[in-house]
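With the hints as constraints, model all of the structure from the sequences given.
What follows is each chain in one-letter form.
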Amino acid sequence: MQTIIEVNGLKKSYKDKEVIHGIGFTVNEGEILCFLGPNGAGKSTTINIITGALRFDGGSISYKGESIYSDLLGYKSRLGIVPQDLALYEDLTAERNVLFFASLYGLKGEALKEGCRFALEFTGLSDKAKDKVNTFSGGMKRRLNIACAIAHKPELLIMDEPTVGIDPQSRKHILEGVKQLRKQGMTILYTTHYMEEVEEISTRIIIMDLGNIIAEGTNESLKAGAESNDASAETVSLETVFLQLTGKSLRN
Amino acid sequence: MYKFKQIFRLDLMNLLTNPMWVFYAIGFPLALILVLGFLMSGSYGHTVTSYDYYGVALMIFGIFNAATFSANSIMEERIKSPNMRIVYSPVRPFYIHFSKVLASFVFCTAAYSLVAVLLHITVGINYGGADWWAALAIMLAGNFFFASLGVTVCCLLKNEGITNNILSTLFALFAILGGLFFPIDGLGKAISAISWLSPAKWMLAACFRIIYDGDFTLLAPLIGGLALLSALSVLLGARFFRGEDYI
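Heads up: the protein sequence lines correspond to chains A and B, in order. Following the numbering used here, the numbering of the first sequence begins with 1 at its first residue and continues without gaps. Following the numbering used here, the numbering of the second sequence begins with 1 at its first residue and continues without gaps.
Be aware that a few hints might be false.
[As the list claims (entries may be wrong)] Only pairs whose alpha carbons sit at most 27 angstroms apart, straight line, appear in this in silico BS3-like list of lysine-lysine:
(1) B:K189 <-> A:K132
(2) A:K128 <-> B:K80
(3) A:K153 <-> B:K3
(4) B:K158 <-> A:K113
(5) A:K172 <-> A:K183
(6) B:K158 <-> A:K108
(7) A:K153 <-> B:K189
(8) B:K3 <-> A:K113
(9) A:K128 <-> A:K183
(10) B:K3 <-> A:K108
(11) A:K130 <-> A:K172
(12) A:K15 <-> A:K64
(13) B:K189 <-> A:K15
(14) A:K130 <-> B:K158
(15) A:K153 <-> B:K5
(16) A:K179 <-> A:K128
(17) A:K108 <-> A:K172
(18) B:K189 <-> A:K108
(19) B:K5 <-> A:K141
(20) B:K3 <-> B:K158
(21) B:K80 <-> A:K64
(22) B:K5 <-> A:K64
(23) A:K132 <-> B:K80
(24) A:K128 <-> B:K3
(25) A:K153 <-> A:K179
(26) A:K183 <-> A:K132
(27) B:K3 <-> A:K130
(28) A:K15 <-> B:K5
(29) B:K5 <-> A:K17
(30) A:K153 <-> A:K128
(31) B:K3 <-> A:K141
(32) A:K141 <-> B:K80
(33) B:K189 <-> A:K113
(34) A:K11 <-> B:K3
[Stated by the list, open to error] Coverage of chain B stretches by chain A, computed from C-beta distances (three or more under 8 angstroms per stretch; other residues unrestricted):
(35) 6-17
(36) 45-52
(37) 107-118
(38) 146-152
The hints are simulated quantities; they were obtained by calculation from the structure and are not laboratory data. We treat Cβ as the ideally placed atom computed from N, Cα and C, and that holds for glycine.
See below:
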């Protein structure tokens, strides 16, 4: 698998406080790389830096061997971003939202309409295309948040906790969709708090805590590393691994 | 340019489809001019009626408020989240910032032109007869400057609420000092001289000289000054605008 993103020695500070401490990792073509971590681990900051929207203080990020800043707009045009917060125009229809955001990626005419059709169909919102977003349920808005990120068929889809606060049906639809997108050739970077989601969709996992990467591997290899300490492979869950690595004390 | 056009169209639509802003841009100045014009009719003569005075003075006050619309269009809560998605997309940062300026400028120009036409038809407010274009030119230059100022201050302070509080206080001072609510030239030479510190005074004096005396001497320096300040404001806005403030 070809490495598409390479991060080395990444550092980020807010005022005088360093929140990302020189981390490094790669994103390989065609994988679903899941970022796991408690609140304040630095997942969203890392993700936002990779989108090119947030500057960093040290290290480097390259896309297919070139710094992302050598052609930032070109790099951004290959990404699809599903932000943690809903980023939608509530007074517009679902279709108008998708058309607008897809147009910012240069889509025009028939390609724009086709991209919009694909995105709404993929997220199960075709029959709601002409409805205003402010009439949607939370789950439908989450799906539309994804539709706005995939209409231009990005190479790398970055999803920051896309299933927060939604019903099980919408969650299942989204997770199935993520796996489907991978089959279609998309690479996916996914952050979440939900272990079962990671177990279901990930091809590789990075666990972060306090601005550091503390573990990296597949679901199976992470469990195998923990079983010797705790229990047999059958009883070890990803949650056990996660709590073993990050501790059980509450986080702010 | 295609991407800029898309953002501009949406920014303009966001302004046009917000009933609060439409009322604030059309209903509010219209009502204020009609009410003050009626209440103060006894204090003005027949050559320049109270409607003529407030029809120009309060339009200038309205022009100041272009800054409020533009500040809202860049950082208002309802719009901030979708703006964040624009920041993630492959769009030049200048497009994001400048489209808010341009959309607010077009919105205010359309709204105030409608107000002026309605007032001219209903109460016969004098906007200069054949010289109406000069009053329009002052309105255009003022609208653009204040629209750019709102975005620039908002980009600097990173908060639409604080921006509005600061600017509305400043504009109220300018308005009083510039004689937008009542003429202050009769309050003495010193106050009359101080009043020239307010941009409102320059705009008001330029308009009245054109409308009633056919005197265009203030037009070029005023429009030139506003154009210069607008260019500076747009440049500073571009300097202060940081996409990461949305994240």
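Hint check:
| no. | hint | result |
| --- | --- | --- |
| 1 | B:K189 <-> A:K132 | 59 angstroms, violated |
| 2 | A:K128 <-> B:K80 | 24 angstroms, holds |
| 3 | A:K153 <-> B:K3 | 18 angstroms, holds |
| 4 | B:K158 <-> A:K113 | 36 angstroms, violated |
| 5 | A:K172 <-> A:K183 | 17 angstroms, holds |
| 6 | B:K158 <-> A:K108 | 33 angstroms, violated |
| 7 | A:K153 <-> B:K189 | 69 angstroms, violated |
| 8 | B:K3 <-> A:K113 | 16 angstroms, holds |
| 9 | A:K128 <-> A:K183 | 26 angstroms, holds |
| 10 | B:K3 <-> A:K108 | 10 angstroms, holds |
| 11 | A:K130 <-> A:K172 | 24 angstroms, holds |
| 12 | A:K15 <-> A:K64 | 31 angstroms, violated |
| 13 | B:K189 <-> A:K15 | 51 angstroms, violated |
| 14 | A:K130 <-> B:K158 | 34 angstroms, violated |
| 15 | A:K153 <-> B:K5 | 22 angstroms, holds |
| 16 | A:K179 <-> A:K128 | 23 angstroms, holds |
| 17 | A:K108 <-> A:K172 | 32 angstroms, violated |
| 18 | B:K189 <-> A:K108 | 62 angstroms, violated |
| 19 | B:K5 <-> A:K141 | 26 angstroms, holds |
| 20 | B:K3 <-> B:K158 | 24 angstroms, holds |
| 21 | B:K80 <-> A:K64 | 32 angstroms, violated |
| 22 | B:K5 <-> A:K64 | 31 angstroms, violated |
| 23 | A:K132 <-> B:K80 | 18 angstroms, holds |
| 24 | A:K128 <-> B:K3 | 26 angstroms, holds |
| 25 | A:K153 <-> A:K179 | 15 angstroms, holds |
| 26 | A:K183 <-> A:K132 | 31 angstroms, violated |
| 27 | B:K3 <-> A:K130 | 23 angstroms, holds |
| 28 | A:K15 <-> B:K5 | 36 angstroms, violated |
| 29 | B:K5 <-> A:K17 | 40 angstroms, violated |
| 30 | A:K153 <-> A:K128 | 21 angstroms, holds |
| 31 | B:K3 <-> A:K141 | 24 angstroms, holds |
| 32 | A:K141 <-> B:K80 | 16 angstroms, holds |
| 33 | B:K189 <-> A:K113 | 66 angstroms, violated |
| 34 | A:K11 <-> B:K3 | 32 angstroms, violated |
| 35 | 6-17 | holds (count 5) |
| 36 | 45-52 | violated (count 0) |
| 37 | 107-118 | violated (count 0) |
| 38 | 146-152 | violated (count 0) |
Consistency with the previously given hints fails for numbers 1, 4, 6, 7, 12, 13, 14, 17, 18, 21, 22, 26, 28, 29, 33, 34, 36, 37 and 38, ordered from lowest to highest.
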